[in-house]
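Q: Chains as they are written, first to last, in the numbering used here: chain G, 14 to 477; chain Z, 78 to 321.
Warning: the hint list may mix true and false statements.
Here are some, though not all, of the chain Z residues that point toward chain G, as calculated from beta-carbon distances under 10 Å [to be verified]:
| no. | residue |
| --- | --- |
| 1 | 118 |
| 2 | 122 |
| 3 | 238 |
| 4 | 308 |
What the hints contain is simulated information worked out from the structure, not anything from laboratory work.
Quick reminder that beta carbons are idealized off the backbone N, C-alpha and C, glycines included.
So you can see what is in the structure, the chains are spelled out below.
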Amino acid sequence: MRGAGWRGAVARGAGRASRLSGRGGTSIPGKVLLRLDPDAIATLSAGLPRRAAISATNGKTTTAAMAHAILARGGARLVHNSAGANMAGGIASTLLHGKGDTGLFEVDEFWLDGVVAQLRPQALLLANLFRDQLDRYGELESIADRWAQIVRTADPGTTLVLNADDPLVADLGRERWPAGAQAAKDSAQGAPGVLTFGVEDLSLATSGLQHASDSTHCRRCGAPYRYDAVFLGHQGHYHCEACGATRPHPDVTATDVHLDGVRGARFVLTTPAGSAPVSLPLPGLYNVYNALAAAALTHVLGAPLEDIVAGLHAVAPAFGRAETVSVGGRELSILLVKNPAGANEVLRTLALEEGEHDLFAVLNDNVADGRDVSWIWDADFEHLAPHLRRATCAGTRAPEMGLRLKYAGVPAERIVVVDDGLAAGLDRALQDGSGRLFALPTYTAMLSLREELTRRGVTGSSFG
Amino acid sequence: MPSPVLRVCALYPDLMNIYADRGNLLLLQQRCAWRGLGFQLTGAGLGDAIDPAAHDLFYMGGGQDRDQALCAQDLVDTKRDALHTAVDRGAVVLGVCGGYQLLGHSYELGDEHLPGVGLLDLRTVRHDGPRLIGNVAIEVDLPGAGRRIVAGFENHGGRTHLASGQAPLGRVLKGHGNTGESGAEGAICGSVLGTYIHGPLLPKNAWLADWLTERALGLDEPLAPLDDGMEDAAHASAKAAAGL
Numbered sequence: 014m015r016g017a018g019w020r021g022a023v024a025r026g027a028g029r030a031s032r033l034s035g036r037g038g039t040s041i042p043g044k045v046l047l048r049l050d051p052d053a054i055a056t057l058s059a060g061l062p063r064r065a066a067i068s069a070t071n072g073k074t075t076t077a078a079m080a081h082a083i084l085a086r087g088g089a090r091l092v093h094n095s096a097g098a099n100m101a102g103g104i105a106s107t108l109l110h111g112k113g114d115t116g117l118f119e120v121d122e123f124w125l126d127g128v129v130a131q132l133r134p135q136a137l138l139l140a141n142l143f144r145d146q147l148d149r150y151g152e153l154e155s156i157a158d159r160w161a162q163i164v165r166t167a168d169p170g171t172t173l174v175l176n177a178d179d180p181l182v183a184d185l186g187r188e189r190w191p192a193g194a195q196a197a198k199d200s201a202q203g204a205p206g207v208l209t210f211g212v213e214d215l216s217l218a219t220s221g222l223q224h225a226s227d228s229t230h231c232r233r234c235g236a237p238y239r240y241d242a243v244f245l246g247h248q249g250h251y252h253c254e255a256c257g258a259t260r261p262h263p264d265v266t267a268t269d270v271h272l273d274g275v276r277g278a279r280f281v282l283t284t285p286a287g288s289a290p291v292s293l294p295l296p297g298l299y300n301v302y303n304a305l306a307a308a309a310l311t312h313v314l315g316a317p318l319e320d321i322v323a324g325l326h327a328v329a330p331a332f333g334r335a336e337t338v339s340v341g342g343r344e345l346s347i348l349l350v351k352n353p354a355g356a357n358e359v360l361r362t363l364a365l366e367e368g369e370h371d372l373f374a375v376l377n378d379n380v381a382d383g384r385d386v387s388w389i390w391d392a393d394f395e396h397l398a399p400h401l402r403r404a405t406c407a408g409t410r411a412p413e414m415g416l417r418l419k420y421a422g423v424p425a426e427r428i429v430v431v432d433d434g435l436a437a438g439l440d441r442a443l444q445d446g447s448g449r450l451f452a453l454p455t456y457t458a459m460l461s462l463r464e465e466l467t468r469r470g471v472t473g474s475s476f477g
Numbered sequence: 078m079p080s081p082v083l084r085v086c087a088l089y090p091d092l093m094n095i096y097a098d099r100g101n102l103l104l105l106q107q108r109c110a111w112r113g114l115g116f117q118l119t120g121a122g123l124g125d126a127i128d129p130a131a132h133d134l135f136y137m138g139g140g141q142d143r144d145q146a147l148c149a150q151d152l153v154d155t156k157r158d159a160l161h162t163a164v165d166r167g168a169v170v171l172g173v174c175g176g177y178q179l180l181g182h183s184y185e186l187g188d189e190h191l192p193g194v195g196l197l198d199l200r201t202v203r204h205d206g207p208r209l210i211g212n213v214a215i216e217v218d219l220p221g222a223g224r225r226i227v228a229g230f231e232n233h234g235g236r237t238h239l240a241s242g243q244a245p246l247g248r249v250l251k252g253h254g255n256t257g258e259s260g261a262e263g264a265i266c267g268s269v270l271g272t273y274i275h276g277p278l279l280p281k282n283a284w285l286a287d288w289l290t291e292r293a294l295g296l297d298e299p300l301a302p303l304d305d306g307m308e309d310a311a312h313a314s315a316k317a318a319a320g321l
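Bound conformation, chain Z alone:
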């Protein structure tokens, strides 16, 4: 049997990349390479249609306000239906920061209303108060992975409010999270994940890169372990920076 290929689609890689988001893609790519798995990266920009059957994992990072507004409208106009179809057939969607906000229903910035794709049951509102900035650590409990820590950095002006049935990605141990008050961080619904944690996310939490890869490829067995001494040290460094 030929080795599987992880087919990743980066949404708006030229616009939604503000917090070194390519680090997330690099983690996925290198860890596939070291395991002898194939890796295929496609970028989908403004106006590009996406084929829901052609990708196992969709990634969307954060962007500047102006770029995020451009992408929000385009996402709804040209990609929303295909994303829902892809999720229905099991694709993973990961949104970080601005990308996370657009996975919900809407983002209100004063007079401006950005539409979301509605893959997560949440709304985001720009807050007049200070941006929520700093090192952050949360505890997550993902299927098959048990209780683990995700650590990184957050920097967001929006406050994200989850609907009553919407599960957070994790519980804030250190830092602000979705609103700075709720104790919730991020959101998860099946294979759709959103979080404010960058740093970037996956280099500081290599175990999560593997979890996403297993899920995206629909593997029954866990991936073969790698020598993760340096990855574990980076994870510990990010946790320590957050005060854990």
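Bound-form chain G, shown alone:
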């Protein structure tokens, strides 16, 4: 990568040194570089003709993987932080080492303002906001306020890609109207430089809002939204009866959606370029949303519909995002859970599968997981409880995971709590039963699980 000069050389050296010392090193060179040159992201990314940024509480890594698969079909050479190092240091590192013509970055929701100011992406995807790690991120409203400021100050050349079904995100489109266009501000519909996506299949509506639902009150006037359909958390079809705010009519949609358990999903994708059936190898409505987001983002970047459909067909799961491996004679499907909204979608997807399930739930409370494990009580394990044959619980807070399942209605004799580490927990979970085992690890538990599987010689599409 050109443009970083001696500072880049120093930073790359720091990265090599940290790798030699065994301390990972994904974001170390970037951190060093940003200390030497706070504008390094701007300098390095200026050489990339196309730049896109993705932020969300849930689905960043998977959505970026989908966008990667789509753009690669069009011959793009991608500079992409695919390993998930999504704070400023990780992005600077990716730029420092990468060579290509298209920058694709997932960005931590809290670091987004600084990164966007420097990256000046042609397309900025804001996909969803859910309650997540309150001890680390603070309240949802404060992130939404920060995002509104990003939208207000974003380069006029940046097209915003917004989730029409998430009121907290869709409402940001309003910030795009010039001052004075007050009447038009009453609806995000057709706001300049905004493309929205959403689900148009009412058969997917759930019976009501989930317990962990946020932003169910109008961001403009404070009155409760009225939902005609709830699809996922607080995402759905909504309007405010008090001030008239409505869900924007989406430009990119999914209709005729079929969820095929943990195997995948099918739907008809419609973009401004036309319609086509999509067969997605990733499961659950949450991945349909990720696919819509990736389709809308890559449409903005000029990808034709054929590439979008082919890319979505070809996408492989990122590690721990519904990846299945073979271990100890059993199939192990790994589904990351890290906050109530994400966990609920995983639980809902599992509940679609036939038969009784064996579960391996690994609850950690390291900093990257959130020290506060309260969130498990907001996730609807009740949906899964009737489908469980056995649940093995491990992780730093294993007993609390076990207790959560007991109060969700799983008989205590079906719950095994293993206190002495992930490897012992995995052994125990593999011994108890046959057929497929579903692992639900939190973030650092997922990393440990990957290490443990690698140690056992297991390989998967994302590692090995």
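Starting from the known structure of chain G, fit chain Z onto it as the hints suggest.
A: Quick look at chain Z alone, frame taken from chain G:
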């Protein structure tokens, strides 16, 4: 004699629920079910009047700043008198985090003043310093229960100052507590309890769920014991996380 029914009123369950507060309600509900006791849950939202004679236990959790402000005013306008009447006839009130703050006299957030219902003799002030976040354990001495540990997680920007005659709920063993300095955590006055400890509170301290239930139902005998092996393990895990 028909078995008693625990009648719980959740205050603003849609707005004041940020720290998985439904876990507290779930503990109360399931433990009643396992003992053959009835359980009735009513939600009271913005604008809803409450009947002081219709509930044995009132619960209020935490909320985002904006939601807490909406609830504070509504609580004073539509529910304060009924809550005082309910407490006078022996109902239990439990406030956690934001709900705890609103049980006092007031919460000052810079220029903003949130009124409280005055069931506890305390005032809360938003502090410019860091939020008080982390695992926490306190020692409490509740009537009939003796000295016990309450463990969980705290995350609050407010500092709560107790009036000189106001008893804390417990003594901080690990963590921050009301102000980060006083060594006091929470507050208790008769059957009114407030605390910053979530996690949620009752799943990590099942014994406290039983104490509240006994008190709310006015039982003379302790509740029948349950097989609490998993509950005890979760309590131990929360204590260990706090460093006990």
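Q: Confirm or reject each hint.
A: These are the hints, each one checked on the structure:
1. The interface hint given for residue 118 of chain Z is violated, since its Cβ lies 13 Å from the closest Cβ of chain G, which is over the 10 Å cut-off.
2. A least Cβ separation of about 9 Å between residue 122 of chain Z and chain G falls short of the 10 Å threshold, and the interface hint therefore holds.
3. The beta carbon of residue 238 of chain Z comes no nearer than 23 Å to any beta carbon in chain G, farther than 10 Å, and the hint placing it at the interface is violated.
4. A least Cβ separation of about 6 Å between residue 308 of chain Z and chain G falls short of the 10 Å threshold, and the interface hint therefore holds.
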